[in-house]
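There are 2 protein chains.
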Amino acid sequence: MRATVIHAPHDIRVEEVPDPRIQTSTDAVVRVLRACICGSDLWAYRGESPRQPGQRIGHEFLGIVEETGPEVRGLAKGDLVVAPFVWSDGTCDFCAEGLTTSCPQGGFWGSVGSDGGQGEAVRVPFADGTLVKLPADAASDDHLLTALLALSDVMGTGHHAAIGAGVTPGSTVAVVGDGAVGLCGVLAAKRLGAERIIALGRHQARTDIAKLFGATHVVAERGEAAVDAVRELTRGQGAHAVIEAVGTEQSMRTAVDITRDGGAIGYVGVPHGSGTGLDLGVMFDRNIALRGGVAPVRTYIPELLADILDGTIDPSPVFDLTVSVEGVPDGYRAMDERTALKVLVKP
Amino acid sequence: MRATVIHAPHDIRVEEVPDPRIQTSTDAVVRVLRACICGSDLWAYRGESPRQPGQRIGHEFLGIVEETGPEVRGLAKGDLVVAPFVWSDGTCDFCAEGLTTSCPQGGFWGSVGSDGGQGEAVRVPFADGTLVKLPADAASDDHLLTALLALSDVMGTGHHAAIGAGVTPGSTVAVVGDGAVGLCGVLAAKRLGAERIIALGRHQARTDIAKLFGATHVVAERGEAAVDAVRELTRGQGAHAVIEAVGTEQSMRTAVDITRDGGAIGYVGVPHGSGTGLDLGVMFDRNIALRGGVAPVRTYIPELLADILDGTIDPSPVFDLTVSVEGVPDGYRAMDERTALKVLVKP
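Respectively, the protein sequence lines represent chains A and B. Numbering follows the UniProt record's numbering, with no gaps: position 259 of the first sequence is 259. Numbering follows the UniProt record's numbering, with no gaps: position 133 of the second sequence is 133.
In case anyone wonders, no lab produced these hints; they're calculated from the structure. Any given hint might turn out to be false.
Unchecked claim - Ranges of calculated distance between the beta carbons of each label pair, as one might list FRET restraints:
hint, chain 1, residue 1, chain 2, residue 2, range
1, B, R235, A, F108, 43 to 51 Å
2, A, H143, B, D307, 31 to 39 Å
3, A, S49, B, H7, 24 to 32 Å
4, B, D285, A, G74, 39 to 47 Å
5, B, D93, A, T24, 50 to 58 Å
6, B, D307, A, D141, 38 to 46 Å
7, A, G98, B, P53, 54 to 62 Å
8, B, G47, A, R338, 30 to 38 Å
9, A, S49, B, G273, 44 to 52 Å
10, B, H10, A, E195, 51 to 59 Å
11, A, A306, B, D285, 26 to 34 Å
Claimed, not checked - Some chain B residues well away from chain A (every beta-carbon gap over 10 Å; in silico):
hint, residue
12, R2
13, E15
14, R73
15, D89
16, P135
17, L192
18, A229
19, L233
20, A264
21, T276
22, A306
23, L309
24, R333
All C-beta atoms, glycine included, are put in the ideal place defined by N, C-alpha and C.
Isolated chain A (complex conformation):
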């Protein structure tokens, strides 16, 4: 089959690789219908997250079950399924509690020896624990399929940030980061009943999506000026709930500075840089909480799926460029140069 392989920073190729096959009785093989490129894939692309030459890449996909191992009980050939960005066994203590990302048997697509999502098919470990079945008729609905793909990462990650930030009905929320996750954070905050949602961002195409998703205010300033603008919108106090969806020291500093005393930062930007950007003395004096991390999106899929199916939320506008598998390297370039927000892959 054809799949995306990373050889070195900025050297991403689409190549012929062995077809995936059942290796363990709990495996399934999924033929990919939709995949996409994540902002966090760019860290590998840019060489900031090390990869071994030849690793696969891509951790977001949905598709059709093509084959199942003998112990797979809940899925059958022909089922339409979505995969979260981490596989998990579905049976351990952590999976039972919903923290699927801490499953001792869990792992990431594209890690050494595993398939990535940006290809024609994927071997899925622990298929029963990992995959979530989608309504069969969605397979013929192009728009819906794109919206459902967001369940594999960005929608669930935005939701995790909103939960971590403590968004409740009536609260004031600020969102740091205008990438797909930040925008899904806006959508998640709106879904949870936030009254005011302040999106920080300078790119109008992105802030327009933020408004579409429920942002009531946009702050285009940067650094200190952005902090001042948020404080002006919040009677000098800051936002109860702050979503941090970037992962740099600077973005974390901004998040702390715009959080109201007693509020919380829900952080889902993968931390980069040697420092944390956290001034613990300031957080201590102001009782600012920090909650978040890698999102257990597997746990969130059922409730978010229901809301996509009934039209309550539609995250599909985060995808603004579509490529074939052969076009994946172009997709990386477009996202690296910020000419695309999030690239959809249709094999």
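Given the coordinates of chain A, work out where chain B should sit on it, guided by the hints.
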């Protein structure tokens, strides 16, 4: 009157100072019946928290109202009252929400121009917002009075840590720090229904109090060995709820290492050192939350007071040395040399 004055590191003296008097219509003057020395006072004593020569010191006291300003409504001369370690106006947004430590008109005893608790009397700003009335007959009960003094800081701070750590009925809690706050954290965790409480500490006099307060396990090891011991007690997973009551980088590192994935650290140790001790990458991967800060003890006093009065909790064992006001400098020496856990001052 006689009061404690700090002139320089290790130079604490008891001196004659002007009697406090009403300066603002919302003030009260309180004659001190009980005060004490806090672990955090040692940072000033050791020169690690800067003080101007001549500042007063001490932020924990209870006593009898001697005089009230014309706008004080809820208190009268002769009332027995306890003061939290921060004064607050009782009327602002933050006070209304219970985050009295973020009151814009709030302040700390012993800050420049204000009285400290380690003296014969104190001028209390915003007396209605700050002070909490105690039952009059407690004034003649020496043991009860000592227990009630813990409401001014350590008991409420331990409770804040337990709340921040997310202690719930049945949870497993680990406590880093065997000072008075850490021990009160044990007591608070027990009160909130924790099933297993692991106290980290090497000093038997202190761990004996931890056991008296509800600790089910004591870990006397340090560093990596302590982490291993806690993990061994928790099926390798760590504790759901971790109380951090020290405030050093090392103690924070230990707290992170012994927290279960998806758990929380409730931190109330005043942060010291240039770094945070936090590895954000580890916290991210494991979804460890950080909540806490300066404790709004004013808010907690009513509920904790009720439990002291009915005998549910008794924090008085944290006081293990008693001095007069003239003996305060000896008290600092004893705590600095760790021959005393917490020093009670009876003027």
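Right, here's what the structure says about each hint:
1. R235/B - F108/A: 43 to 51 Å: Violated, since R235/B and F108/A (Cβ atoms, about 25 Å apart) do not stay within the stated range.
2. H143/A - D307/B: 31 to 39 Å: At roughly 58 Å between Cβ atoms, D307/B and H143/A fall outside 31 to 39 Å, so the hint is violated.
3. S49/A - H7/B: 24 to 32 Å: Violated: the Cβ-Cβ distance is about 54 Å, outside 24 to 32 Å.
4. D285/B - G74/A: 39 to 47 Å: Taking Cβ atoms as reference, D285/B and G74/A lie about 28 Å apart, which means the hint is violated.
5. D93/B - T24/A: 50 to 58 Å: holds (57 Å)
6. D307/B - D141/A: 38 to 46 Å: violated (58 Å)
7. G98/A - P53/B: 54 to 62 Å: Taking Cβ atoms as reference, G98/A and P53/B lie about 56 Å apart, which means the hint holds.
8. G47/B - R338/A: 30 to 38 Å: violated (50 Å)
9. S49/A - G273/B: 44 to 52 Å: violated (29 Å)
10. H10/B - E195/A: 51 to 59 Å: With Cβ atoms ~53 Å apart, the hint holds.
11. A306/A - D285/B: 26 to 34 Å: This hint holds: roughly 29 Å between Cβ atoms.
12. R2: holds (32 Å)
13. E15: E15/B clear of chain A: closest Cβ-Cβ about 30 Å, beyond 10 Å.
14. R73: About 27 Å separates R73/B from the closest Cβ of chain A, which puts it past 10 Å; holds.
15. D89: Its Cβ never comes within 10 Å of chain A, the nearest being 15 Å, so this holds.
16. P135: holds (30 Å)
17. L192: holds (18 Å)
18. A229: holds (20 Å)
19. L233: holds (16 Å)
20. A264: violated (8 Å)
21. T276: violated (4 Å)
22. A306: holds (24 Å)
23. L309: holds (28 Å)
24. R333: holds (28 Å)
Violated hints for the displayed structure, listed by number in ascending order: 1, 2, 3, 4, 6, 8, 9, 20 and 21.
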